[in-house]
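Undergrad: Chain by chain, the residues:
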Amino acid sequence: MSTTIPMSITVDGERHDLAVDPRTTLLDALRERLRVTTAKKGCDHGQCGACTVLLDGRRVLSCLTLAVAKDGSHVVTADGLATDDGLHPVTEAFLAYDAYQCGFCTPGQICSAVGAIDEARRGMPSAVTADLTGEVTLDRTEIAERMSGNLCRCAAYVNIVSAVEDAAHGTAPRSSTLEAQA
Amino acid sequence: MKPFTYARPAVASEAVTTLAADPDARFLAGGTNLLDHLKLGVVEPSQLVDVSRVTGTAIEELADGGLRIDAGVPNSDLAADARVRERYPAVAAAILAGASGQLRNMASTGGNLLQRTRCAYFADPTTPCTKRDLSQGCSARGGWARYHAVLGTAADGCIATHPSDLAVALVALDAQVQVLGPDGARTIPIGEFHRLPGDDPTRDTVLAHGDLVTAVDLPATTPAVRNSTYRKVRDRASYAFALVSAAVALEVADGTVVDVRIALGGVAHKPWRATTAEATLRGRPATDDEFRAAIAAELDAAAPVDSPLGGNAFKIPLVTGTVVSTLRALAGGAA
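Protein chains in written order, with our numbering: chain A, 216 to 397; chain B, 133 to 467.
For reference, chain A alone in the conformation it holds in the complex (with noise of 0.2 Å):
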């Protein structure tokens, strides 16, 4: 039996106390400890990307993170991206694309596309960017080549891209917009 040990985490805005023996994953201690089951585990093994969560501002798979690694550092799951005044854009997005069947994939899908968007903002180049020391244009291949790492097994692939594509640009329809319209 492991002796446990302390440390303190922010998610989604809330501070919790806790103790965990050191084998706990982030994802595990999120799910199983502070019961936020928000982050999916899919694969466990860092291969699907359901487990995508925002750390100190950036997107990683918690279920490849030890918890006890990342005592005092905060994460924020796809329901802390909600704000008092709505949905976070990437999210309106989805829902206006309906971009995604069952939703298993969704939360890490949704995490992974803000990372991405904030990381293209910053100039970060990709595997598809033509010219390495040039501006990124977040384009289709873009969006496809940057969201690799989430797999969705219904295949929502061509309305995740069009989500992530008009929350980038900031063109997304509001889902209440649409609802107005049907």
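None of these hints come from the bench; they were simulated from the model. Values in this document were obtained by computation on a predicted structure and should not be read as measured data. Where is the CB? At the ideal position from N, CA and C, for every residue including glycine. Don't take each hint at face value.
To be verified - As a list, the in silico DSS-like pairs of lysine-lysine whose alpha-carbon atoms are at most 25 Å apart: (1) B/Lys171 - A/Lys285; (2) A/Lys256 - B/Lys171; (3) A/Lys285 - B/Lys134; (4) B/Lys134 - B/Lys171; (5) B/Lys134 - A/Lys256; (6) A/Lys256 - A/Lys285.
Stated by the list, open to error - Partial list, computed: chain A residues near chain B (C-beta under 8 Å): (7) Pro237; (8) Leu276; (9) Ala331; (10) Met339; (11) Arg361.
Assemble the complex: chain A is given as a structure, and chain B must be docked to it using the hints.
TA: Just chain B, lined up with the frame of chain A:
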């Protein structure tokens, strides 16, 4: 997962001392490869020594015109650094060709060099693997050998390949690895850092227990290195390991090869510097025929593996095509 203890030393020297005192301890940095291996039972350490807060995260200019990359620099930050992109394009391109956005945010520079092979038999403790256990044979020989080595192998020995993209670019560029060990600091040329399997395939590098990678130094750039790139060939367009890859740097003047660097990934137990091809090409015309002859000379010693589940003889023409087209593109022609 077997229980282990966790230590978070305050400084690098303390991390080295802590690790050296425990023969079954492991360093933890980004954890992207280690966590997977802990879950699979590939490694069962007694203790994890977390170095993620003691290895630096800076990229600094060196007096000789090079760059020092602290071991804790995330892969994504290294690829995005404006100086790296401009002066060492093969380094940025190699990183961006690997893993996913999430993994590149997590993975460290030092850890990237120390990741283990993605051989499916190595990752599965229920199958024999001489890299996990010297007393066992190699399951890849006669098994699924599609991703395995064609160069630097020995009869019946381990045919695992090194999976790092970054390391291939660093080998082409003659980077230096800064190491802090129990006996102090030392510098290891990247070309001598990774090993061929020889009689001990369990060891990927020349590092001893307790050695901590603290930084990677890039030498001052050259006209060839400024004109460098990384090409990766894989089973899908993104988020897959290389079947073969090539980091290539080329300087051509008046149609003649002045300087050339070629390192290959996916073909050997370590990133493979194609010194024979380089020597063959220097001073020769920059033409497809010369490029083809040079890589053919390098591949003379190749020993593909035949297997009913899929061998790897296809890597010979694949390496040839990859290197020739990359050289052609760098020489100014169409890829």
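Undergrad: Does each hint fit the structure? Answer for all of them.
TA: Tested hints:
1. B/Lys171 - A/Lys285: The hint holds at about 19 Å.
2. A/Lys256 - B/Lys171: Judged against 25 Å, a Cα distance of about 14 Å means the pair holds.
3. A/Lys285 - B/Lys134: Given that 25 Å is the threshold and the Cα spacing comes to 21 Å, the pair holds.
4. B/Lys134 - B/Lys171: holds (9 Å)
5. B/Lys134 - A/Lys256: Within the cut-off at roughly 21 Å; holds.
6. A/Lys256 - A/Lys285: Holds - the C-alpha atoms of A/Lys285 and A/Lys256 are around 19 Å apart, at most 25 Å.
7. Pro237: holds (4 Å)
8. Leu276: holds (5 Å)
9. Ala331: holds (6 Å)
10. Met339: Holds, because the Cβ-Cβ distance from A/Met339 to chain B comes to roughly 4 Å (cut-off 8 Å).
11. Arg361: Holds - the Cβ of A/Arg361 comes within 8 Å of chain B, reaching about 5 Å at its closest.
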